[in-house]
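Undergrad: One letter stands for each residue in the lines below.
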Amino acid sequence: MESNISFTLKVWRQAGPKEQGGFKEYPMKDIPTDTSFLEMLDILNEQLVEKGEEPIAFDHDCREGICGMCSLYINGHPHGPATGATTCQLYMRRFHDGETITVEPWRSAAFPIIKDLMVDRNAFDKIQQAGGYVSFNCGGAQDANAILIPKTAADEAMDSATCIGCGACVAACKNGSAMLFVSAKVSQFALLPQGRAEAARRVKAMVSKMDELGFGNCTNTGACAAECPKNIKLSNIARLNREFLCAKFKD
Amino acid sequence: MEDIKKDKNNAAQTVLDSKIPEGPIAEKWTNYKAHQKLVNPANKRRLDIIVVGTGLAGASAASTLAEMGFNVLNFCIQDSPRRAHSIAAQGGINAAKNYQNDGDSIYRLFYDTVKGGDYRAREANVYRLAEVSNAIIDQCVAQGVPFAREYGGTLANRSFGGAQVSRTFYAKGQTGQQLLLGAYSSLNRQIQMGKVKSYNRYEMHDIVIIDGRARGIIARNLVTGKLERFAAHAVVIATGGYGNTYFLSTNAMACNCSAAMACYRKGAFFANPAFVQIHPTCIPVHGDKQSKLTLMSESLRNDGRIWVPKKLEDAKALQEGRKKGSDIPEEDRDYYLERRYPAFGNLVPRDVASRAAKERCDKGYGVNNTGLAVFLDFSESIERLGIDTVRQRYGNLFDMYEEITDVNPGELARTINGKDYYNPMMIYPAIHYTMGGIWVDYELQTTVKGLFAIGECNFSDHGANRLGASALMQGLADGYFVLPYTIQNYLSDQITVPHFSTNTPEFDKAEKEVQAKIDHLMNIKGKRSVDSIHKELGHIMWEYVGMGRTKEGLEKALKLLKDLRKEFETNLFVPGSKEGMNIELDKAFRLNDFITMGELIAYDALNRNESCGGHFREEYQTPEGEAKRDDENYFYVSCWKYNGSDEVAPTLIKEPLHYEAIKVQTRNYKS
Numbered sequence: 098m099e100s101n102i103s104f105t106l107k108v109w110r111q112a113g114p115k116e117q118g119g120f121k122e123y124p125m126k127d128i129p130t131d132t133s134f135l136e137m138l139d140i141l142n143e144q145l146v147e148k149g150e151e152p153i154a155f156d157h158d159c160r161e162g163i164c165g166m167c168s169l170y171i172n173g174h175p176h177g178p179a180t181g182a183t184t185c186q187l188y189m190r191r192f193h194d195g196e197t198i199t200v201e202p203w204r205s206a207a208f209p210i211i212k213d214l215m216v217d218r219n220a221f222d223k224i225q226q227a228g229g230y231v232s233f234n235c236g237g238a239q240d241a242n243a244i245l246i247p248k249t250a251a252d253e254a255m256d257s258a259t260c261i262g263c264g265a266c267v268a269a270c271k272n273g274s275a276m277l278f279v280s281a282k283v284s285q286f287a288l289l290p291q292g293r294a295e296a297a298r299r300v301k302a303m304v305s306k307m308d309e310l311g312f313g314n315c316t317n318t319g320a321c322a323a324e325c326p327k328n329i330k331l332s333n334i335a336r337l338n339r340e341f342l343c344a345k346f347k348d
Numbered sequence: 126m127e128d129i130k131k132d133k134n135n136a137a138q139t140v141l142d143s144k145i146p147e148g149p150i151a152e153k154w155t156n157y158k159a160h161q162k163l164v165n166p167a168n169k170r171r172l173d174i175i176v177v178g179t180g181l182a183g184a185s186a187a188s189t190l191a192e193m194g195f196n197v198l199n200f201c202i203q204d205s206p207r208r209a210h211s212i213a214a215q216g217g218i219n220a221a222k223n224y225q226n227d228g229d230s231i232y233r234l235f236y237d238t239v240k241g242g243d244y245r246a247r248e249a250n251v252y253r254l255a256e257v258s259n260a261i262i263d264q265c266v267a268q269g270v271p272f273a274r275e276y277g278g279t280l281a282n283r284s285f286g287g288a289q290v291s292r293t294f295y296a297k298g299q300t301g302q303q304l305l306l307g308a309y310s311s312l313n314r315q316i317q318m319g320k321v322k323s324y325n326r327y328e329m330h331d332i333v334i335i336d337g338r339a340r341g342i343i344a345r346n347l348v349t350g351k352l353e354r355f356a357a358h359a360v361v362i363a364t365g366g367y368g369n370t371y372f373l374s375t376n377a378m379a380c381n382c383s384a385a386m387a388c389y390r391k392g393a394f395f396a397n398p399a400f401v402q403i404h405p406t407c408i409p410v411h412g413d414k415q416s417k418l419t420l421m422s423e424s425l426r427n428d429g430r431i432w433v434p435k436k437l438e439d440a441k442a443l444q445e446g447r448k449k450g451s452d453i454p455e456e457d458r459d460y461y462l463e464r465r466y467p468a469f470g471n472l473v474p475r476d477v478a479s480r481a482a483k484e485r486c487d488k489g490y491g492v493n494n495t496g497l498a499v500f501l502d503f504s505e506s507i508e509r510l511g512i513d514t515v516r517q518r519y520g521n522l523f524d525m526y527e528e529i530t531d532v533n534p535g536e537l538a539r540t541i542n543g544k545d546y547y548n549p550m551m552i553y554p555a556i557h558y559t560m561g562g563i564w565v566d567y568e569l570q571t572t573v574k575g576l577f578a579i580g581e582c583n584f585s586d587h588g589a590n591r592l593g594a595s596a597l598m599q600g601l602a603d604g605y606f607v608l609p610y611t612i613q614n615y616l617s618d619q620i621t622v623p624h625f626s627t628n629t630p631e632f633d634k635a636e637k638e639v640q641a642k643i644d645h646l647m648n649i650k651g652k653r654s655v656d657s658i659h660k661e662l663g664h665i666m667w668e669y670v671g672m673g674r675t676k677e678g679l680e681k682a683l684k685l686l687k688d689l690r691k692e693f694e695t696n697l698f699v700p701g702s703k704e705g706m707n708i709e710l711d712k713a714f715r716l717n718d719f720i721t722m723g724e725l726i727a728y729d730a731l732n733r734n735e736s737c738g739g740h741f742r743e744e745y746q747t748p749e750g751e752a753k754r755d756d757e758n759y760f761y762v763s764c765w766k767y768n769g770s771d772e773v774a775p776t777l778i779k780e781p782l783h784y785e786a787i788k789v790q791t792r793n794y795k796s
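Heads up: the protein sequence lines correspond to chains A and B, in order.
Position one of the first sequence corresponds to residue 98 (my numbering), numbered consecutively onward.
Position one of the second sequence corresponds to residue 126 (my numbering), numbered consecutively onward.
Next up, chain B with everything else stripped away, as it sits in the complex:
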């Protein structure tokens, strides 16, 4: 491990210490809680905490910290905390309850998550995640979250990719919505009680560091355009992932990585940026005016079968519109996931399913006019369960698919030799989630003291690939059950520090810098719109830093990104003024950070000479096309340190991984 020199300007710690507690894996969290420092109730009232973001992680942390007695300032960029993008999660949330009596346990959830993450996650963090998973379900039920139930009144479960048990709790295809509304309800209660101050339509632009500790933020009121200062004893970032770097993704339009980049520039290391999840079941791209991609829940893979034609001439006919999916009889279909991975079939992890789709399409078996789509078919499950049951399970997803594509997957298309064929869905992989994020230690603290990162915006739990229904679990684990404990260990010696004034030289300087950045963006006065440059960024990223990466491609991407930054700096046009609401200015600010993020992803992907999880380097694969990991040389978390300018390459610092409970082996979903 490289030692980091103490640098006063960016407040980085001197040693990268992951602070993993002593003891056997199953006892670490218990030991931690037994020995950590606490803040007594009277002192909690004296401490202020800023929480940026109101998704599952942000809202659950803000409400829980307030319930404990801290004063919380909570920010979101939308018009209400309820709009955060966690709301769009469809499938479900995992927990090791073993209500189905199918052999599940905390250890098995832990093991599946580490294996699903291709052995690049930090063991102790994942174990803790599995350990608190059951309490999350209890908490949400107590809040009145209407999970799906059996006729006897108990909770229902379904299965998800990468697992051989049914441990996923769900609320129709709207689990994220219901969990977020649960957290939002708790948050509302605290707002009503005056313990949380809620700031909607505010965007964090910078973090303020005083004497080496995060002490506040500079945020812009998106309605008035004014910069405002907020001070606190600690700052928590819960601002989600960086998927929109690729322009087209399943993320919401406003999802961005600006808060994370602000932390990175102030000394927080950024970990594993190359680990980006490409979700296998999205509606394929249809045109160049498209603004985002729509996810079809992974839960569809429980009953849907993925296939392409066996014969190239059938694929050609499909691509030219001469045939439809339902015209191809059973014997001419290649259910390639069932063929390649008999043990897991259609329920292999997302990275495996995505790459398999790309492999078929690259060979010419794609099924739509662009050749970049595969079928997801419900004929077999409708025959087995009846259309009513299938509609009950996936009706809202079928409707959503029909509204977008004008095709109804529940509609009988034709009968061949007495067998019913329904219209299959067309799907293709798309950017969905980012496993990488701000580096945090076991306490979820970044390399900047007093700055914490939770939920998707940190890196800790999913390794190189996240399993389905684990994002909701991690967001709520961090917010309800982990951060509210660990932050006290940091705050315990802060109780004598009085409430901060924002009239300090540090706040002055930070605000001035943000103002200068805004003035700069307004004054470029070039010719190109924000979106046109963002689309170009997306093309570069998808082409060279997407599903299949090579050394040459990544080097080319870095060069193209450099040119793109120049284009952005000299030819951007932002209409309107910096006073008042200016949606183009909001987007320009974010795009600047997306370009930096894009470079960071490319640097990391170039460094990691192996294939693992969502990171696939074409040079490193087995003869069967499976990912080839290199545990000897890359069994570490790559942490990137900012070097003072976006133009300069970042420095790599390694956090070696140590596995005690799990034997590192090649992932096998075949048998």
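Only chain A is shown next, with the shape it has when bound in the complex:
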């Protein structure tokens, strides 16, 4: 049931990409536990604005856990302590009275800080641009039921396609690897007949772009899958490796 808690918020503040950043503490009083984490930040920002200070910049949009815009490293976990949920789906009932809650931005060489808790995830778009598509022009499609796809394959492809591109996997990984993100898209298309025609080209292009953009290597620690708000499975990475090896052998 609803109650109020008070706690200390320790937030990373950084005025710009090149500025020196640091933690700043904010006491938070009587926050209802049915407030979402981002609404709690709204309350703090409202207080800061009232005092004439600049509010904390953080990315957020849909607040339903699907757009992938929100991020935040909360108490050492991307998207906070809840599993299978994004920061915007996190409610204050997960926290305790008197606690200190530490909030940091994604930390990764490939995601430079823009301001405060906001990072630049453009590298993800660039990887998708390198090959995350079926080369197909609008207008020439056959009837949708002309391709029969076994339910199991469609469901598995859907599970991979569920990735919201938030970057939690990269933030969670000690190597800053984007393998889970890349493998989710590679898997979606590898599992579907529409994606097979250019599967080899796709996996090579996306992996090479990922390496070029400064993401680290995968050492199979599994932190990415453990922290993924959409429960993207580690087996996607195994599938990517298989696809990549097959593609290389063909060369």
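It should be emphasised that the hints constitute simulated quantities derived from the structure, not laboratory data.
Predicted model, so just to flag it, every value in this text is computed and none were measured.
Please note: incorrect hints may appear among the correct ones.
As the list claims (entries may be wrong) - One side of the interface only, derived from the structure: several residues of chain B facing chain A at Cβ under 7 Å:
hint, residue
1, I212
2, I262
3, G269
4, R274
As the list claims (entries may be wrong) - Each computed DSSO-like pair below joins lysine-lysine, with the alpha-carbon atoms no more than 30 Å apart:
hint, chain 1, residue 1, chain 2, residue 2
5, B, K435, B, K449
6, A, K115, B, K351
7, A, K126, B, K650
8, B, K488, B, K448
9, B, K642, A, K148
10, B, K703, B, K637
11, B, K795, B, K435
12, B, K637, B, K652
13, A, K148, B, K488
14, B, K652, A, K107
15, B, K158, B, K779
16, A, K148, B, K795
17, B, K488, A, K121
18, A, K107, B, K660
19, B, K320, A, K301
20, B, K779, B, K676
21, A, K301, B, K322
22, B, K779, A, K121
23, B, K687, B, K795
24, A, K330, A, K248
25, A, K121, B, K650
26, B, K436, B, K795
27, B, K676, B, K637
The C-beta atom is built at its ideal place from N, Cα and C for all residues, glycine as well.
Position chain B relative to chain A; hints supplied.
TA: Frame of chain A, contents of chain B only:
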């Protein structure tokens, strides 16, 4: 129809011409395509098109135009095109495939959409929408969108409100996400090929008109704070709806109507602003710190039953927390939608379901502490299908509901007389979608030449109420299959116009005006935050311009909005500076436009002395409380023309509706 005087300043056309092609309804689009002007491949390379927005409409239009050979400049306010709010659509997308052999057809989808829209949509546009719906499914499957399938490998369907067939295609409860990622993948391919230039974290602030034609935009880089100029041969607006005028809605936080308002101020008429959709199945409001409302997909109404207690004392006990939903046995439950609308039951259209919930709550039967909630119950379907099947269908929605409310709708609560009762969800209507929007003709062109509007931000297809799973259909129809054709009819005589320079007096003037607006917002230096004023706007709108509207209420709203504008103009406080990133400044800019939008909705609602679809005027209802339309006096699209200042009331111009294929009648979901 009132003639519009040619006005050079706002570039409005002289006559409101909807350009509906000749011929019987089923042949209009074919005829149009056969006779429209085209641009040959070599000339397409010479033409630039700006597309503002990367949702279903924007991304599909940008990628398709680029595939055809045009040079596209594509803008979004988020950090990536994939974040546009189409991504949050849950339930599905309609198409007239008739894969279920249940009697569906293009005509039936067309008919259901017109009827669902309470006979206020333009017939020819809706027919075209139904006609291209099948191609959308083909296109998305070819892109690799993982739609739900049957064991035999064919596509699966479910049913949705306002239809008696199963024509909705879906990908779990994340159909919008998968369709948007499909469009995003096509867009990415074009970005990679250099045909689309993508500008992320850019917000369009104004449209630039040269010699009466839209030729570019002024956009602000939200990271650097700098204003930048972009020129093109045509401008396409795909910036979504204006639901956030109400502060609390199911829209994403950044959804706004500023681009649409910029077009309106430059002479694009705004049509049917009063037609706002209030979605029946949202999680009820819980506190005054709430930032947005969460939608529970309409697909839940396939298997969930909506009810309130039959007895007032039970409702009172629920409101005071002395009882839970599962404590009330079957015989004491009032399944009011099944009772009032036996033919459609829980699957009546959204406006009907929303009003019915309000009616029960107004009578005191609300089921939570605010008295503003009804139950959505899965006990019957779990008994019929088993919890595993129900979870397979709605598991992610159950989880989402539990995370927010701490109640698990799939959990057995108790057994009374051998019957299992599960925890019901609590739901209440909330602002969700806006049927009104920028007026467009059959070619999706606005009253400003060279300015097009697609997707939710135009008005054309849904009339006074949109059916479930039709927003995705319309966004993709406009972007993949309609605009890429119709825009060529406009561009065919533009092939000799060279690429534009942005060093013109028109660009100078537009940029200066935007800069002055920003300086003004920074210099008010009052006491109130943007959000506090926005919340007040939301209260006014929900109270007086929401689900039940009256003449007195709307007049009061207009007065309150005038005061609110004054408060905004004199007491707003924006911290920080105009250089660099300033999220409060971004919000202030949008709020200014939300206030103008709020007034526009109120003017339109006040003018329309009838109840239809999402617009319910309490003075105009039947003795049973159903909406009472007035086809004699209001069978038209109300188009509003800006009069040079936000302080001055807009002028109404009517586009009369002509129905040839459908007989206009009273909507009936009872039998």
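Undergrad: Mind listing which of the numbered hints don't hold for this structure, in increasing order?
TA: Hint check: 13, 16, 17, 22, 23, 27 fail, others pass.
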